[in-house]
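Just so you know, the protein sequences line up as chains F and X, in that order. 57 is the number that our numbering gives to position 57 of the first sequence; each next residue is one higher, with no gaps. 1063 is the number that our numbering gives to position 63 of the second sequence; each next residue is one higher, with no gaps.
Wrong hints could be hidden among the right ones.
Here are the simulated lysine-lysine pairs, BS3-like style, with alpha carbons at most 30 Å apart [to be verified]:
#1 Lys1125(X) <-> Lys87(F)
#2 Lys1125(X) <-> Lys99(F)
#3 Lys1158(X) <-> Lys99(F)
#4 Lys1024(X) <-> Lys1158(X)
#5 Lys87(F) <-> Lys99(F)
#6 Lys1158(X) <-> Lys87(F)
Taking CB as the label site, the calculated pair distances span [what the hints assert, rightly or not]:
#7 Met98(F) <-> Val1118(X): 44 to 54 Å
#8 Arg26(F) <-> Ile1058(X): 26 to 36 Å
#9 Leu1008(X) <-> Val20(F): 41 to 51 Å
#10 Val1014(X) <-> Ile95(F): 22 to 32 Å
#11 Ile95(F) <-> Gln1002(X): 25 to 35 Å
#12 Val20(F) <-> Ala1054(X): 26 to 36 Å
#13 Gln1002(X) <-> Lys87(F): 41 to 51 Å
#14 Arg1159(X) <-> Asn5(F): 48 to 58 Å
#15 Val1151(X) <-> Met1(F): 31 to 41 Å
Rather than coming from a laboratory, the hints here were simulated on the basis of the structure. Remember, predicted model here, so these are calculated numbers, not experimental data. Beta carbons: idealized from backbone N, C-alpha and C, even for Gly.
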Amino acid sequence: MVSLNAYLILAALLFSIGAVGVFTRRNALIIYMCIELMLNAVNLTFVAFSRFLDNMDGHVFVFMIMTVAAAEAAVGLAIIIALFRNKETVNVDAINLMKG
Amino acid sequence: MQLLMFYLLGFGAVVSALLLVTNKRPVAAAMSLILTMLFLAGIYVLLDAHLIAALQIIVYAGAIMVLFLFVIMLLNVEEKAGRLSNRKIALQFISILVVGAILISVTGLIKIGPSQVVDSFGTTKAVGQMLFTDFLLPFEIASILLLAAIVGAVILAKRRIDD
């Protein structure tokens, strides 16, 4: 039997890798993918706790996170397309419209 | 056996996540993210979350990542780093497919002792029952969220009439 800690460590590893990606990459599409990776890591902790506490509430939470991730991907990619149409780039360093 | 599967799947998930973060080409990064999600689906099966494992493959590795790939190819931002040849794309595609198939079939073999959780834990029936009784209101609100996302995506991505 794998311990709960092992699952949590794996989720933490994946979350940190995703966070590193968000902070180091400059391509907006890859930053979005890293955010998806972080959401996946959180889903893993929900499922692991759900299993070890013998309570299925966590599965419903994961279902909701997937819904939010789908909505976020649709809106976020639409924003990236709109930005690309105006700026011809997806490099986040070049996108500074909101900067004073 | 279960421990071995956990280490294999976990190692695969971490390695493909590292590939996602380090890869220069967006298409290759998206492919490694799909691989990470397939490994995670295997781990969900280890945790008895059968419905979530299926949803992970269908919704995440299927729908969301196809949307990502679609946008990457639409924007064509990988010009600077050099293009992948068709053969390489095909090889990547086949390898992901093979790995996914092996993972799903192997994780299906694992038997977890019935003493730990009830048989219906994580099945579609059990999760669905919770979703339509205790969590009915959040479930309905999720549909409004999806509607708002559809409308928002259409408004954001459409070309303005005045330009």
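A quick look at each hint next to the structure:
{"no.": "1", "hint": "Lys1125(X) <-> Lys87(F)", "result": "violated (48 Å)"}
{"no.": "2", "hint": "Lys1125(X) <-> Lys99(F)", "result": "violated (50 Å)"}
{"no.": "3", "hint": "Lys1158(X) <-> Lys99(F)", "result": "holds (25 Å)"}
{"no.": "4", "hint": "Lys1024(X) <-> Lys1158(X)", "result": "holds (29 Å)"}
{"no.": "5", "hint": "Lys87(F) <-> Lys99(F)", "result": "holds (15 Å)"}
{"no.": "6", "hint": "Lys1158(X) <-> Lys87(F)", "result": "holds (16 Å)"}
{"no.": "7", "hint": "Met98(F) <-> Val1118(X): 44 to 54 Å", "result": "holds (52 Å)"}
{"no.": "8", "hint": "Arg26(F) <-> Ile1058(X): 26 to 36 Å", "result": "holds (31 Å)"}
{"no.": "9", "hint": "Leu1008(X) <-> Val20(F): 41 to 51 Å", "result": "violated (23 Å)"}
{"no.": "10", "hint": "Val1014(X) <-> Ile95(F): 22 to 32 Å", "result": "holds (31 Å)"}
{"no.": "11", "hint": "Ile95(F) <-> Gln1002(X): 25 to 35 Å", "result": "violated (46 Å)"}
{"no.": "12", "hint": "Val20(F) <-> Ala1054(X): 26 to 36 Å", "result": "holds (30 Å)"}
{"no.": "13", "hint": "Gln1002(X) <-> Lys87(F): 41 to 51 Å", "result": "holds (50 Å)"}
{"no.": "14", "hint": "Arg1159(X) <-> Asn5(F): 48 to 58 Å", "result": "holds (52 Å)"}
{"no.": "15", "hint": "Val1151(X) <-> Met1(F): 31 to 41 Å", "result": "violated (47 Å)"}
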